[in-house]
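Colleague: The listed protein sequences correspond, in order, to chains R and W. Taking our numbering, the leading residue of the first sequence gets 1, the next gets one more, and so forth. Taking our numbering, the leading residue of the second sequence gets 1, the next gets one more, and so forth.
Subject to a maximum C-alpha distance of 30 Å in a straight line, what follows is the list of computed DSS-like cross-link-like pairs (lysine-lysine):
id, chain 1, residue 1, chain 2, residue 2
1, W, 295, W, 244
2, W, 251, W, 295
3, R, 7, W, 224
4, R, 78, R, 117
5, W, 247, W, 295
6, R, 78, W, 224
7, W, 297, W, 251
8, R, 72, R, 2
9, W, 300, W, 244
10, R, 2, R, 77
11, W, 297, W, 244
12, W, 224, R, 2
13, W, 224, R, 77
14, W, 247, W, 297
15, R, 7, R, 72
16, R, 2, W, 493
17, W, 247, W, 300
18, W, 224, R, 117
19, W, 493, R, 7
20, R, 78, R, 2
21, R, 77, R, 7
22, R, 72, W, 224
23, W, 251, W, 300
It is worth saying that the hints were derived from the structure and are not from the lab.
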Amino acid sequence: MKISPSKLISLLFFVFSGYYLYTAYQIQVFAFDENAPFNAKTFPIYLGFAGLVFSALYIILPETNPTNVDLKVLDYKKTIGLVILMILYGLTILRAGYFLSTSIFLVASYIILGERKWIWIFILSFPFVAIFMYLLHGLLNIYLRDPFLKYIGIMG
Amino acid sequence: MIEGILIGLQTALSFKNLMMVMIGCFSGTIIGMLPGLGPMTAIALMIPITYGFDPSTGLILMAGVYYGAVFGGSTSSILINAPGVPGTVATSFDGYPMAQQGKAGKALAIAAYSSFAGGTISAIFLLIAAPSLSLVSLSFRSPDYFGLMILGLTAVAAFSSKGNFLKAMMMVVLGLMLASVGQDTLSDIPRFTFDNMNLSDGISFVLVVMATFAMSEALTIIFKANDPTKAAKQISLSQLGSIKLDKDETKKMVTTIPRSSVLGFIIGVLPGAGATIASFLAYGMERNFVNDEEKQKFGKGSVNGIAAPETANNAACSGSFVPLLTLGIPGSGTTAVMLGALLGFGIQPGPRLYQTNPEIFWSVIMSMYIGMVVLLILNLPLIPYIARVLATPRTFLIPLILFFSLTGVYLMSFNNFDIYMMIGIAVVATVLRLYDFPMPPLILAFVLGGLMEENLRRSLLISDGSWSFMWDRPLTIVIMLTIIFIVGWQIYKSFFKKKL
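Working from the sequences, and respecting the hints, build out all of it.
Modeller: The following block contains the structure:
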């Protein structure tokens, strides 16, 4: 039996709604609130049931307007590359600081997407981030903690 | 009311706010031009910046971005036949053929003048309608609000689903589920936090908007191997032609604009309908109004064919602010983003906003009008140059969108947990988008989740746990019947109409 991707997503949503509903029932409410007409778990329980109903309907009923996607034309390599890069950015931003991690993230993303104009890659990374940081500090008074800039003595 | 207008003008005409309108319109035009990146992305990218401002200034900036993005969408429709936003698809029917005849400048001018006129007329309607509706909506009670929110969600789901109503409803439920994460507002009991401190305050609105729009749109462009800037590279400054209109063209516009403005404004006020439906309806209506000779020109570069949808989509933008400002209930994804931003400023829109924060209420309305003037006198002459900026390769564009999204979320919390969560939501949203699961219902539901639960709580407590509150008052019955009609119509349309 072949299942369409939209129905598969609905099936996943059905499972997710079931788990959500189970978790909603586990919410601990105050003893005096247990039999109240409305407590902290009432709304989530309704949502869990709504999720089950809508996803079940989509799975059961015939698809009137199926979405066809040609999976062969999708660019997995670059997309996954960018996602991994963003995760690495999240890992480094607190340790290396905003300036260095953001600049390297930009350089790496330009390269992953196939850009090879090195002057522009440089301009739109390190100097660009430096100007952006200056605007944040100067105009919006937003302080960005940056261990790297502190280490080399640019930031206090 | 006069006093309110003066307060609004005073706030909107301050140097800082005027600058914000200009920056908003300009950046909105650039982002709106890019196919795939609409007003919601443009506003989402601006939210982190606006938190440094006072609420009026922040809202004025976002309103400018909104109008600029709609205008930018028209520009790409006309120049490269690639509408930046769905609301400008109808503009491309006649705008692009006119541009191909070497009259791109003229088509852009018709779009700009029509947008200006539509925006001006609807701003006047808004001036009249908003305070009156504010007074009326003071009599609304919790069951009515709860019903209105369901109505808004159902309507947005119905209109944005492209025939997949159930997909849109799943997105509504997912949005409400995401909104339920964090401490319960009344009892402070943690829900779905899994003992993680980062989740105790719930998921940030900015994070969800950035992830589902800006970041997932950028990832979708890469995933589908699209290049939104490719066509823009072919634009030549010399090919745009004159922006001057002759007498006959002006005469045609004079008759089209008033009726399209009225239609656009009314459609904009209705929950869920918005600029896209307004522009299509106006295009269709105009085609029926004109004589047979003019009818033949439709699709081949008709002046009326550009003026009608452009007038209507701008009028609908103003109209969509009516339910937001008076009821506190957004009628579209874009106004939902603005509601989220307002809540971030600590402002609860609704009937009392008119009384408690008149400077915000009126300055937003007045800045809309100023935004229109800015678009006309600043952006129109600059279009050839702005269009050239669009030739920025996607190899630079996409990383920069990701950069602004990541920075925006990092600036909100200064921790990397939010970055990981944003990446996770963006990846899921990218896959969902691929299979036509619409995102606007998710955002609207996420924004309304807290308010909806609060109003349901009050309604159930007042009626001692009985669901009779849904048919106790005539107003609530009307709202519920409308919801039943929309759901019934969607079911009929999806499963029966094609088979008949």
